[in-house]
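Chemist: Residue numbers (our numbering), protein chains in the order written: chain A, 7 to 354; chain B, 7 to 354.
It is possible that some hints are incorrect.
Just so you know, same-sequence chains aren't split out, so a pair can sit in one copy or run between any two.
Claimed, not checked - Cut-off 25 Å, straight-line C-alpha distance, at most; resulting in silico cross-link-like pairs (SDA-like, lysine to any residue):
hint: 1; residue 1: Lys152; residue 2: Arg78
hint: 2; residue 1: Lys328; residue 2: Ala253
hint: 3; residue 1: Lys152; residue 2: Ile39
hint: 4; residue 1: Lys152; residue 2: Pro79
hint: 5; residue 1: Lys152; residue 2: Arg306
hint: 6; residue 1: Lys152; residue 2: Leu280
hint: 7; residue 1: Lys328; residue 2: Gly139
hint: 8; residue 1: Lys328; residue 2: Gly338
hint: 9; residue 1: Lys152; residue 2: Arg33
hint: 10; residue 1: Lys152; residue 2: Gly347
hint: 11; residue 1: Lys328; residue 2: Trp172
hint: 12; residue 1: Lys328; residue 2: Val61
hint: 13; residue 1: Lys152; residue 2: Glu227
hint: 14; residue 1: Lys152; residue 2: Gly228
hint: 15; residue 1: Lys328; residue 2: Asp281
hint: 16; residue 1: Lys152; residue 2: Ala270
Simulated from the structure, these hints should not be mistaken for lab results.
There are 2 protein chains.
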Amino acid sequence: MDAAAVSCPLPRTETARVLLGHGSGGRMSADLIHRVFLPRFGNAYLDRLDDQAVVEIGGQRLAFTTDSFVVRPLFFPGGDIGTLAVNGTVNDLAMAGARPLYLSAGFILEEGLSLDDLGAILDSMRAACQRAGVLLVTGDTKVVNKGSGDQCFINTTGIGVVEHSWLLSADQARPGDRVILSGTIGDHGMAVMSRREGLEFDTVIESDTAPLHELVATMLEGCPEIRCLRDPTRGGLASTLNELALASSVGLEIDETRIAVRPAVHAACELLGLDPLYVANEGKLVAIVGESCADAVVERMRRHQLGADASVIGEVTERHPKMVVMRTRIGGSRIVDLHPGEILPRIC
Amino acid sequence: MDAAAVSCPLPRTETARVLLGHGSGGRMSADLIHRVFLPRFGNAYLDRLDDQAVVEIGGQRLAFTTDSFVVRPLFFPGGDIGTLAVNGTVNDLAMAGARPLYLSAGFILEEGLSLDDLGAILDSMRAACQRAGVLLVTGDTKVVNKGSGDQCFINTTGIGVVEHSWLLSADQARPGDRVILSGTIGDHGMAVMSRREGLEFDTVIESDTAPLHELVATMLEGCPEIRCLRDPTRGGLASTLNELALASSVGLEIDETRIAVRPAVHAACELLGLDPLYVANEGKLVAIVGESCADAVVERMRRHQLGADASVIGEVTERHPKMVVMRTRIGGSRIVDLHPGEILPRIC
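Let's have the full structure, built from the sequences with the hints guiding it.
Modeler: Pasting the structure below:
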């Protein structure tokens with residue numbers, strides 16, 4: 007062996023690879039989007055980094071959004087991958103203030119999936135479509151060999167009609183606006199994790215999966231100053247707030263005492279060493295709303311079953327732009343950052 | 007052990023499971039759709055069994071279609087999964103006579119995929135979008151743990167605008183209509199299989215993946231009697247013809263001598279024991295066209311690069327409804343049926 011080669015080895019080029027954290031909804035997800043996707047596909051729609059595009063066709067504004075669902079296990083308290091696949095896409099349409107109309111569904115099935123399980127998933131999708139008033143109008147099914155998938159992955163893509171003329175987008179938050187949260191956080195993520203880890207609590211934790219378009223319609227009727235709506239799914243409330251602060255170049259100050267967490271969710275988070283701020287929700291929304299109508303919006307929300315626990319949890323500020331700061335329960339304050347890596351893989 | 011149990015065992019209930027053949031585009035795919043999907047979701051759009059839905063929003067007719075791509079290997083002569091994902095969905099819009107406008111893309115990445123490979127796939131998607139004149143406006147990325155996926159699956163869903171007033175659908179074929187095929191068959195499937203099986207021929211077989219919307223626009227300009235357009239992908243020409251015969255309750259008679267197969271594709275099929283009629287295409291279309299303008303349509307198609315080898319390959323008949331019959335090269339005739347099971351798994 008050449009001694010020179012040992013003392014001065016050539017740098018070994020490591021192949022950069024996709025890691026679980028790239029799908030977490032945290033900082034690694036953001037990196038992948040900014041470094042790999044946007045440089046190639048950047049356009050006026052994608053660059054907004056909203057969860058849906060609003061396009062205009064023949065003078066009609068349409069919301070268009072896609073999501074793939076890879077949750078494990080397929081069935082969990084409060085729902086299954088089918089419920090999620092419908093409600094998740096309905097909600098991404100709703101967050102543009104759109105009325106959801108049509109869905110497509112693409113299935114990637116692993117050889118060996120029981121047809122009974124597939125049937126149960128499809129039954130859930132049908133029920134969720136009926137509840138949300140959307141029609142599944144086109145679909146596709148692929149099968150991959152055993153070991154090349156994991157039972158069932160579902161993509162749903164949705165079209166909704168935008169019947170108002172406002173721009174609801176992540177970059178619309180202004181200092182003085184209020185931050186509204188529609189209810190408790192962490193329910194979905196902890197329902198899935200409890201099932202996955204075989205945890206049992208006195209109270210069963212159920213996913214909060216639900217279609218939010220009616221709640222949104224109620225909110226929009228009552229306030230012309232809704233700047234932005236977003237559902238805090240993967241990466242939880244913390245990630246959503248950071249995305250909003252970043253897109254609008256504002257600071258967000260939130261109050262820990264205003265953020266509701268169910269006791270069982272709190273206990274499960276403690277047990278697993280997780281912060282509920284980073285745990286996924288599937289039936290909650292965050293709204294940035296002009297100060298003048300924030301209280302009225304909350305009042306309207308509370309009259310709807312899915313907004314019964316709504317409250318103002320903080321406000322938008324000029325201070326510390328692009329950062330989220332939380333006043334803690336014990337009177338201090340802490341920066342709530344994007345999670346650096348992988349939080350809860352395959353939670354939706 | 008109880009002797010009675012041995013002599014008279016309880017019937018063992020086999021769990022029905024998803025098999026590779028359910029994704030083949032043949033009879034098992036049709037069974038899965040008819041027995042599992044349609045009973046739950048049947049509606050005026052899905053029941054047509056077209057490769058896209060045409061919905062009306064605000065007085066505007068829109069085509070809407072989804073496809074997931076799970077091809078293995080990711081890269082093959084003539085294209086890769088990214089090229090396919092764009093062209094495949096563009097073509098399903100084109101088959102409704104729609105002008106493709108917007109795409110969504112949903113990625114399911116397996117932990118460990120090289121970012122270089124992902125970048126190359128995205129470069130192909132960008133190039134294909136530019137070629138087809140469509141804009142990728144919304145997306146989603148999920149990551150699954152190693153062993154739960156296979157490098158990269160892509161769903162694309164597309165919206166196009168239908169600017170004519172005809173109904174192009176599988177049930178519109180009438181006796182006397184002509185069957186037109188736009189070019190050679192089997193190129194895509196054999197390009198993928200050659201790479202997968204490590205076969206080498208004197209001539210490299212390249213995938214025919216291409217966007218067909220311009221060819222379709224040319225055809226529609228020239229003929230008001232186009233009944234139906236379909237691209238013979240999974241399951242090949244044989245499956246597409248059977249679907250059309252079934253949906254329209256007509257017989258189809260085709261002429262083997264009119265169906266062009268490249269020599270290298272023919273040789274590869276012989277080697278693998280495959281019939282090119284069942285092998286996937288990604289840049290070809292079948293048109294059912296009224297007799298009066300069939301020749302004019304073929305002439306128009308031949309002036310377009312992607313229709314240079316177009317020809318009338320047969321006709322629609324009242325005889326043997328729901329069946330496809332081929333006059334063979336040696337003067338006999340044979341029934342071309344749906345393939346009973348799995349043909350070429352993961353070809354697109």
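Chemist: When the structure is checked against the list of hints, which entries are broken? Sort them ascending.
Modeler: Of the numbered hints, 5, 7, 12, 13, 14 and 16 do not hold.
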